[in-house]
Amino acid sequence: MDISLLLAISLFAFVMSVTPGPNNIMLLASGAQFGYQKTLPHVFGILLGIASLLASVLLGVGAVLERYPDIYNVLKVLGSLYLFWLAWKITTASTDPGSINNAQTKTKPMSIFAAACFQFVNPKAWAMCVGSISTFTLAGEQYLESGLWIMLCFALNGFIAISLWAYLGVGIAQRLTTIKRKKVFNYTMGAMTVGTLFFILN
1 MDISLLLAIS LFAFVMSVTP GPNNIMLLAS GAQFGYQKTL PHVFGILLGI ASLLASVLLG
61 VGAVLERYPD IYNVLKVLGS LYLFWLAWKI TTASTDPGSI NNAQTKTKPM SIFAAACFQF
121 VNPKAWAMCV GSISTFTLAG EQYLESGLWI MLCFALNGFI AISLWAYLGV GIAQRLTTIK
181 RKKVFNYTMG AMTVGTLFFI LN
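Per my numbering, the sequence shown starts with residue 1, numbered consecutively.
Hints in this document: simulated from the structure, not taken from any laboratory. Mixed in with the good hints there might be a few duds.
[Unchecked claim] In silico lysine-lysine, BS3-like type, Cα no more than 30 Å apart, as pairs:
| # | residue 1 | residue 2 |
| --- | --- | --- |
| 1 | Lys183 | Lys124 |
| 2 | Lys38 | Lys183 |
| 3 | Lys124 | Lys76 |
| 4 | Lys38 | Lys180 |
| 5 | Lys38 | Lys76 |
| 6 | Lys76 | Lys108 |
| 7 | Lys124 | Lys108 |
| 8 | Lys89 | Lys108 |
| 9 | Lys89 | Lys183 |
| 10 | Lys180 | Lys124 |
| 11 | Lys124 | Lys38 |
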């Protein structure tokens, strides 16, 4: 595969992965609440979910979504409802400064399975995957090979990009030393999670 095309795919994957969206806002909140290591399952779940979506699009699911747009609308509704629920969980998380990285806190980091499943109701993730496959795959015998390279580029660059958000959360956590600060942070993250509906509904 041409190196210039790989660089283009890598840049696209990084930019799409690092820009604000539901996944990154949740990773920011998780990094602050639980630390980077406990957020890793969430990170890997996102990568697994994106890889599954890319594989699905490679196998023709993207064409089904284009042919039956009502399916995409259902995904928007499900994704929106799930984000509202997550926003509520983030907003009502423990405000005890000592709860960060504390196993006694009522909330738990998102699991690999949950994070992977969320991608299937995340219209932004679908749009990203459909766009990358339709733009960067090569015709003929190179179709599958080019698709696999896209998946690899998203895995590597995506890991770096979304980890930055989790690390940013860890840095913010160092300043959450009072109940008031923690409460403000929770409310802000909850509001930003709801705000990511902008990326879904447009």
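Evaluated hints:
Among the hinted pairs, Lys183 with Lys124 is consistent with the structure: their alpha-carbon atoms are about 29 Å apart, no more than 30 Å. A hinted pair counts as satisfied when its Cα atoms are at most 30 Å apart, and Lys38 with Lys183 qualifies at roughly 21 Å. The suggested pairing of Lys124 with Lys76 holds, with an alpha-carbon distance near 9 Å, which does not exceed 30 Å. Taking the CA atoms of Lys38 and Lys180, the gap is near 24 Å; set against the 30 Å cutoff, the hint holds.
At roughly 29 Å between alpha-carbon atoms, Lys38 and Lys76 fall within 30 Å of each other, so this suggested pair holds. Taking the CA atoms of Lys76 and Lys108, the gap is near 25 Å; set against the 30 Å cutoff, the hint holds. Of the pairs offered as hints, the one joining Lys124 and Lys108 holds, with about 25 Å between alpha carbons and a cut-off of 30 Å not exceeded. Using a Cα cut-off of 30 Å, the hinted pair Lys89 and Lys108 holds, with the two alpha carbons roughly 10 Å apart.
Between Lys89 and Lys183, the direct Cα distance comes to roughly 13 Å. Compliance with the 30 Å bound is thereby established for this hinted pair. Proposed proximity of Lys180 and Lys124 is contradicted: the alpha carbons are some 33 Å apart, above 30 Å. Of the supplied pair hints, the one linking Lys124 and Lys38 holds, its CA atoms being roughly 25 Å apart against a limit of 30 Å.
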